[in-house]
Each structure stands twice: as structure tokens, then as C-alpha cells.
Amino acid sequence: MRGGDAGFDEFVRERYDQLLRYAIMLTGRRWDAEEIVQEALLRCLRRWRRVPADNAVAYVRKAIYHEFLRVARRKPQVPLDELAEQLDLEDFAPAVVARDHVLVVLQQLPPRQRAAVLARVVLDLSEAQTAVELDCSVGTVKSLTSRGMARIRQLWAAEQAAAPGRRGT
Amino acid sequence: MIAEEQEYATRLREELADVAVRASAGQVDTVLRQVHRRRRDRRNQRIQVFTAMAVVALAVAGAFAVTTAGEHAEPARQVDATTPMAQWPARGELAADKDLVARAEQAWHSYRQPPRGPLKPLFAGVSPNMSANMVVVALIAPESGQVAFVTTPIRVNRPSDPRDRLLVRAVAPVTPEQRGVGFMASRPLPEDEPPIDQNAVGMALTSPAAENGKVYTSTIDSQSEPSWPTTVVGALWPQYEMGAGAWNSELRVQFRGAASTEDYTLVTGVSDDVDLGPVALRRAGAALRAEGPGVRQGDLIITPNGVVGVVAAPDGTVDTRLSELAAHGTVGVAISRVPGRVREVGDHAEFTATGPGDFGEEQRLVLQAWDEPRLALTFAKLAGYEPHWLVARTAGPDAAENVLRLGKPGAAKP
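From first to last, the protein sequence lines are chains A and B. Residue 352 in the numbering used here sits at position 75 of the first sequence, and the numbers go up by one each step. Residue 112 in the numbering used here sits at position 111 of the second sequence, and the numbers go up by one each step.
Hints may be right or wrong, so weigh each one.
[Unchecked claim] DEER-style ranges, computed between Cβ atoms:
| # | chain 1 | residue 1 | chain 2 | residue 2 | range |
| --- | --- | --- | --- | --- | --- |
| 1 | A | Gln406 | B | Val234 | 47 to 55 Å |
| 2 | A | Arg350 | B | Thr355 | 36 to 44 Å |
| 3 | B | Arg257 | A | Glu312 | 49 to 57 Å |
| 4 | A | Glu312 | B | Asp348 | 30 to 38 Å |
| 5 | B | Arg322 | A | Asn332 | 53 to 61 Å |
| 6 | B | Glu144 | A | Arg327 | 57 to 65 Å |
[To be verified] Quick partial rundown of chain B residues pointing at chain A, CB under 7 Å, derived from the structure:
| # | residue |
| --- | --- |
| 7 | Glu6 |
| 8 | Ala10 |
| 9 | Leu13 |
| 10 | Arg14 |
| 11 | Leu17 |
| 12 | Val22 |
| 13 | Val29 |
| 14 | Arg40 |
| 15 | Lys99 |
| 16 | Val102 |
| 17 | Leu190 |
| 18 | Ile336 |
Calculated directly from the structure, the hints in this document are not laboratory data. All C-beta atoms in this analysis are idealised placements derived from N, C-alpha and C, irrespective of residue type, glycine included.
Given these sequences and hints, build the entire structure.
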């Protein structure tokens with residue numbers, strides 16, 4: 278815990294890339310991710326004094342997740358071909374590289390499954406930690422992750438069948 | 002996870018490892034500024050709601066109380082859209098504070114350019130912006146055609162005291178028929194507390210008969226709809242990020258039934274040290290000329306929406322090529338601050354980035370004039386990519402808006 282806004286700016290300077298990366302993986306789009314991170318930071322700033330200093334990243338990540346869910350409920354899903362097109366913007370997105378394909382695959386998962394898969398597989402959080410971040414039970418985490426991974430497996434298998442030369446597993 | 006799942010998890014982890022994000026320090030600073038500004042705005046909104054509730058409560062209480070306070074207040078007067086500024090009633094919660102108004106008059110009389118003739122208060126009240134708080138007394142000198150904004154020193158995150166010293170912060174020339182007046186100061190006075198984020202702060206007043214008003218600036222992308230941000234109708238308190246100033250902002254006043262707004266140039270603060278003045282644009286054959294006092298070669302010709310061009314000859318001829326702007330500062334994309342250059346190709350212009358970073362359609366291109374961060378001048382928007390970034394200018398040679406000349410700060414006048 279800390280007093281007032283102390284340490285907030287330093288935290289953001291230090292962790293912004295990491296938080297934005299997480300949001301990009303959730304949303305698939307950098308601009309949406311930037312908006313979500315900013316909104317989450319604003320929410321966290323208001324209660325910064327209550328944010329545990331030793332676990333601030335998880336706290337902000339949780340805020341990002343909830344903001345992502347809120348936006349996902351409000352916004353219509355972007356068609357996949359359009360999303361792929363938007364992601365293929367190397368000319369003006371040089372900071373985000375080599376991620377088009379896997380992000381498109383992730384976008385085909387429902388939001389909560391996507392978040393669970395990311396938490397378990399990419400962030401390497403335990404089931405209990407994931408349950409805390411996603412505000413659900415451990416059983417739900419297991420179910421979301423399992424269904425998410427099954428869907429990814431299906432998508433990659435279908436893709437492999439359609440274009441066998443792309444990548445072997 | 003079962004073994005097969007583990008295999009897919011490994012592949013997913015490997016592929017997502019390529020999702021690399023590197024935001025520049027400038028981008029993170031921008032994010033921080035926006036987060037802090039939005040938080041301040043929300044706080045202010047809450048303060049305004051509480052203030053409004055308090056005012057209503059006081060008004061209700063006042064209706065039942067017999068007091069003598071009214072002897073100081075100005076008698077109610079019928080004001081319509083044609084009422085000259087000098088006859089506007091004094092507004093603001095401190096308008097009845099005779100001592101404050103008298104001290105403000107004294108401060109203006111003691112200023113290096115004192116007014117002529119009698120003075121009349123137009124407004125006296127406290128800014129709702131706590132991150133740059135000040136008491137403002139606006140006085141009009143009808144004889145010299147001026148309005149002065151006399152204020153207390155700016156206090157940061159604490160309320161100003163009306164008993165504090167009063168300083169002339171801005172002086173605006175006005176005409177009798179003018180229905181709005183205001184200033185935007187981008188530099189603090191020596192007596193001010195150091196501002197957060199080097200914000201530009203200002204104050205504007207519209208005719209009490211106006212239906213709505215706002216201070217517009219081309220330095221921000223999303224602007225809230227016109228609204229009175231305080232309980233005092235017609236008082237506006239702009240506070241924008243660094244880059245905003247009288248050179249890229251204006252007061253827009255809306256009257257009931259009018260098809261469009263009336264737009265008024267703002268004046269700079271007395272500490273701004275910026276060479277800014279009105280000009281008129283005239284066509285002379287194929288040439289475009291800027292005419293007005295003080296026009297000199299090298300001046301930028303601007304409107305609140307953007308840059309028209311550069312004065313390229315002593316006779317005021319304006320070179321409107323966007324490619325010429327790079328000689329007068331740094332060109333780049335707004336917010337992401339990706340540097341770049343613009344070149345004319347036939348009848349259109351193209352933008353090429355010369356540094357790394359994200360940007361996209363509809364983003365603004367900005368000239369940081371003479372590399373001064375507070376002089377951020379929008380000149381175009383990115384209008385599409387085919388196969389280069391096309392540029393759509395935001396203020397053209399046929400600008401009908403308020404046109405100004407901006408001279409290089411500190412440049413000696415001939």
C-alpha cells in the first residue's frame with residue numbers, strides 16, 4: 278500500500294509495455310488495447326493508495342481484463358478477415374511484430390476463454406491465481422482453459438489441413 | 002494439462018513471444034498526461050455538481066431570508082444578444098466583493114499599459130480547475146476598448162485566496178459589438194506555483210444571452226460538446242495540455258436560432274512572449290498575401306484549425322506549400338510524435354515517417370513551431386494510404402476563419 282498517487286507514474290513507465298502487450302493479446306488490436314489500458318490505469322489511479330505495491334501488475338492486469346470484457350460486450354466482433362487485414366500493418370506498426378497469425382486465432386475464442394488461456398499459458402499463472410484475476414472459481418478456470426485450448430487445437434488442425442506447408446506441430 | 006494440450010500450449014507460447022511491444026518514452030508520457038488529465042476532469046465534474054447543489058441550496062435559503070446583501074449586487078437588467086459588452090451585468094460568485102473588484106482595478110491601473118477611462122467589472126469568481134486554481138476578475142475599459150483578466154497567482158491542487166495579490170494575466174482588445182472575450186496563457190507568471198504538465202490555462206466570457214459556448218482548440222482530437230462547465234452561465238475555464246494556446250484555439254459562441262457559432266480569437270497571457278496578431282488574407286493574382294500590422298517574412302500564417310502557410314516575402318506573400326513548414330520547426334504525427342516529412346506531389350501532399358512508431362488514418366500532423374513544445378500547430382490529417390500517406394490540410398488558403406500571424410518568439414522586430 279502507498280499514500281496518494283505516489284509511485285503511479287514510475288509504475289506506468291516501468292510496466293506500460295508489459296500491460297499493453299497483455300491488452301493486445303486480449304483484443305488483437307493495438308489501438309483498442311491502448312484505450313483499454315488507459316481506461317484501466319485511470320480506474321487504478323483513483324484507488325492507487327489501496328493497490329498492493331508488491332502485486333500492482335496483477336491488480337492493473339485485472340482492471341484491464343474487466344475493461345476488456347466491458348468493451349467486448351459493447352462492441353460488435355470484428356470480422357476475421359477485417360481483423361487479419363488490420364493486423365497486417367507492418368508499415369505503421371513496426372513496434373508490434375510477427376503476431377498477426379496467432380492473434381487472429383486467439384480472437385476466435387470467446388473473451389473469457391481467451392483471457393483464461395492467456396493467463397494460464399502465456400502469463401504462466403496458476404489456476405488459483407487465474408481464478409483471482411478473472412474473478413471466477415478454479416473450476417471455471419479449468420473449464421475455460423480446456424475449452425479454449427480445444428478450440429485452438431481445432432483451428433490449427435483445420436488450418437493445417439487447408440495449408441499443410443504453413444507450420445508443423 | 003494433458004500432453005497434447007501441453008504441445009499446443011508450447012506452440013501458442015512460442016508464437017505469442019513474438020508479440021513485442023516497445024512504446025517510446027514520449028508515448029508513455031502522453032498516456033500518463035491523459036490519465037492524469039481525465040482524472041482531474043472527473044474530479045472537477047464532481048466539484049461542479051457539488052457546487053451546483055450548494056448554489057441551489059443557497060438560492061432556496063436566500064428566498065426565505067431577508068438580508069441586505071442585495072445592496073452590493075448589481076440590479077437585474079434585461080440582457081439580450083445585442084447588449085454591448087460594457088452593459089453586461091457583472092457575473093460570478095465574487096462579483097459583489099467590492100474590495101476585490103477595487104483591488105483588481107488598481108492592479109490594472111498600475112500595469113505597464115494602464116487603461117483609459119472608467120472600468121466596469123464583467124466577472125469575478127474562482128476557477129473550478131483545482132490543478133491550476135485562480136480567482137479571476139474581468140474588467141472592461143470601454144473607452145480604451147479593452148478587457149483585462151486580473152487574477153490571483155495560480156495555486157496547484159489548492160484553492161486560491163481572493164485576498165491574495167492580484168496580477169494582470171491578459172489584456173484583450175474588444176469592440177462594443179463583440180459577444181465573447183477570453184485568453185489562454187501557456188506560461189505561468191513568476192508568482193504562480195509551478196503548473197502540472199505545463200498546462201495552458203485560460204478563461205473566457207460570452208454574452209449572458211448566449212445559448213452555449215466553448216473554447217475550441219485544434220490540439221486535441223476529441224472535444225466535449227459545448228457546455229457551461231461552471232454554474233456561472235457564460236464563464237468558461239479552458240485548461241489544455243502543453244501545445245495549446247491562443248495560437249490554436251478560439252472561443253465559439255452559439256446563440257439560439259443562429260445557424261453557426263460566432264468565433265472569437267483568444268489573446269495570449271502577458272507572460273507568453275509570443276508575437277501573435279490578426280491578419281487578413283488577400284488574393285493578388287496567383288499569389289496569396291497576408292496583410293496586417295507587424296507582418297514580416299518568416300511569420301507563420303495560422304487559424305485555430307491549422308497552418309495556412311509561411312510569409313515568404315517582405316510584401317506578405319504567403320507560401321502555402323506544406324513541405325516548407327519543416328524549415329520552421331519539427332514536423333510529426335500528433336500524440337505518437339512520429340517524426341516525418343511532407344512533400345508536394347502534383348496536386349496533393351504526402352507524408353513519410355522518418356522515425357519509428359504507430360500512427361494511422363485521421364491522425365493529425367503537427368508542426369512544433371521553432372521547436373517550441375508550447376507552439377504545436379496542426380496543419381493536416383492523414384487521409385489514407387495509397388501507397389503513401391496522403392495528407393489533407395486542416396486550414397487552406399481560403400480560410401474564412403480568424404487568421405493570425407505567429408512570429409518567431411524573441412525575433413527582433415524591424
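Results for each hint:
{"no.": "1", "hint": "Gln406/A - Val234/B: 47 to 55 Å", "verdict": "holds (54 Å)"}
{"no.": "2", "hint": "Arg350/A - Thr355/B: 36 to 44 Å", "verdict": "holds (41 Å)"}
{"no.": "3", "hint": "Arg257/B - Glu312/A: 49 to 57 Å", "verdict": "violated (36 Å)"}
{"no.": "4", "hint": "Glu312/A - Asp348/B: 30 to 38 Å", "verdict": "holds (36 Å)"}
{"no.": "5", "hint": "Arg322/B - Asn332/A: 53 to 61 Å", "verdict": "holds (55 Å)"}
{"no.": "6", "hint": "Glu144/B - Arg327/A: 57 to 65 Å", "verdict": "holds (59 Å)"}
{"no.": "7", "hint": "Glu6", "verdict": "holds (5 Å)"}
{"no.": "8", "hint": "Ala10", "verdict": "holds (5 Å)"}
{"no.": "9", "hint": "Leu13", "verdict": "holds (5 Å)"}
{"no.": "10", "hint": "Arg14", "verdict": "holds (6 Å)"}
{"no.": "11", "hint": "Leu17", "verdict": "holds (5 Å)"}
{"no.": "12", "hint": "Val22", "verdict": "holds (4 Å)"}
{"no.": "13", "hint": "Val29", "verdict": "holds (5 Å)"}
{"no.": "14", "hint": "Arg40", "verdict": "holds (6 Å)"}
{"no.": "15", "hint": "Lys99", "verdict": "violated (39 Å)"}
{"no.": "16", "hint": "Val102", "verdict": "violated (37 Å)"}
{"no.": "17", "hint": "Leu190", "verdict": "violated (27 Å)"}
{"no.": "18", "hint": "Ile336", "verdict": "violated (10 Å)"}
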